[in-house]
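Read top to bottom, the protein sequences are chains V and E.
Quick note, the first sequence lines up with residues 1 to 266 if you use UniProt numbering.
Quick note, the second sequence lines up with residues 1 to 84 if you use UniProt numbering.
What the hints contain is simulated information worked out from the structure, not anything from laboratory work.
A couple of the hints might just be wrong.
[To be verified] Using C-beta positions, here's what the derived DEER-type ranges look like:
#	chain 1	residue 1	chain 2	residue 2	range
1	E	Pro33	V	Asp207	40 to 48 Å
2	V	Met112	E	Glu77	17 to 25 Å
3	E	Pro33	V	Gly188	41 to 49 Å
A virtual CB, placed ideally from N, CA and C, is assigned to each residue, including glycine.
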Amino acid sequence: MNTKILRNLAFTIFTCYATLAVSASPHWSHDEQATWWAIQDPTQNVPLNYPFGECGIGKHQSPIDLGAATINDSKPLSKLAALYGTDTAPVFFNSGHGVQVNTSTDYKGALMIGEESFPLIQFHFHEPSEHVVKGKNFPAELHYVHINEDGRIIVLAVAIDIGDENPIFGTILENTPHEENGKNASAGIQINPAQLLPADLDPANLDYYTIAGSLTTPPCSEGVQWYLLPKVITVSAAQLEQLKGFYTNNAREAKDLNGRSLLSSQ
Amino acid sequence: MLIKLFLAVSLSLSIASCFAESDDSKSKLLIEPSQQKRSSPDASQQKQSAQPNASTESTSSQSSQDSNQDNKPSMIEYCRNHPC
Ligand SMILES: [Zn+2]
Chain V
1 MNTKILRNLA
11 FTIFTCYATL
21 AVSASPHWSH
31 DEQATWWAIQ
41 DPTQNVPLNY
51 PFGECGIGKH
61 QSPIDLGAAT
71 INDSKPLSKL
81 AALYGTDTAP
91 VFFNSGHGVQ
101 VNTSTDYKGA
111 LMIGEESFPL
121 IQFHFHEPSE
131 HVVKGKNFPA
141 ELHYVHINED
151 GRIIVLAVAI
161 DIGDENPIFG
171 TILENTPHEE
181 NGKNASAGIQ
191 INPAQLLPAD
201 LDPANLDYYT
211 IAGSLTTPPC
221 SEGVQWYLLP
231 KVITVSAAQL
241 EQLKGFYTNN
251 AREAKDLNGR
261 SLLSSQ
Chain E
1 MLIKLFLAVS
11 LSLSIASCFA
21 ESDDSKSKLL
31 IEPSQQKRSS
41 PDASQQKQSA
51 QPNASTESTS
61 SQSSQDSNQD
71 NKPSMIEYCR
81 NHPC
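Build out the structure end to end from the sequences listed, making use of the hints.
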């Protein structure tokens, strides 16, 4: 009788473990970014057992050193407009790697590139900045992530400097759970992501730099088009410390340009 | 008379071949209409019209959520749960 119970218990534990192993993607951290490509998923066969291989072999990886890139401003570029309205039910998310805000599923805010619309899915923060200028980083960086119907990903990046306190940034920090993978969907707080854009830029006609790149976190998928605003925003020194209280050094190092140049709208 | 008949027959044949050629010269579609899965334009209207009926509300919204999930690329769901 006891043997039977033990056998059932062992089987249950094994089944739970196996299910977890299949459904979860391998764990990664920013500390081990030099070897993200080598992280193995033993539940998959070649080449899927290296799910983050692109981090190592990709030739259009992000972020980059903006000071090292040749800027081409002679190419006519599409108009860029950040049409972000107020989200009445944002989800404040501790992703386990950073502070993130997911827009609600019926949120209509989007980035317009020419006539094309890219819905805003989430925005998150890195400390320090991921994009650097001649090796020097900014205190932090904001990434707005947009994905359209055909799966194309557009990231709008804004560098963050120390300066005036940022009220909306404060609201985000106050409502983000401190536990890893914690989600706060019932804060009852409305957020307009446009309030984080530089005040001296016209959201309906933004100047920008653009370059082909990738996700800056595993699986480092390429085919991501980056738009970088030429102006920075500020948070206070105390707010930066508060951000570091969640995660610090959650930035990927600059990657080789491999012949890419930076296109500029101005 | 024979010449007229010959001309009439050859004219009709050339017209017929013209039509046959114009059919052939149409490019083949990469995806035939029958193979295309189109998003239904009235999906959002269906969701709205399901709201007034309280008794069926939960099942209606559940089914429209399911169809929404089918249409959305999985990358959206991935980026809601990861930094991206
Ligand atoms: Zn990011």
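- Message: Verify the CB-CB distance for Pro33 (chain E) and Gly188 (chain V) against the hinted window 41 to 49 Å.
- Response: holds, 47 Å
- Message: Verify the CB-CB distance for Met112 (chain V) and Glu77 (chain E) against the hinted window 17 to 25 Å.
- Response: holds, 23 Å
- Indicate whether the distance between the beta carbons of Pro33 (chain E) and Asp207 (chain V) respects the range 40 to 48 Å. The hint (40 to 48 Å, Cβ to Cβ) holds, given that Pro33 (chain E) and Asp207 (chain V) are roughly 43 Å apart.
Checked against the numbered hints given earlier, the structure satisfies every one of them.
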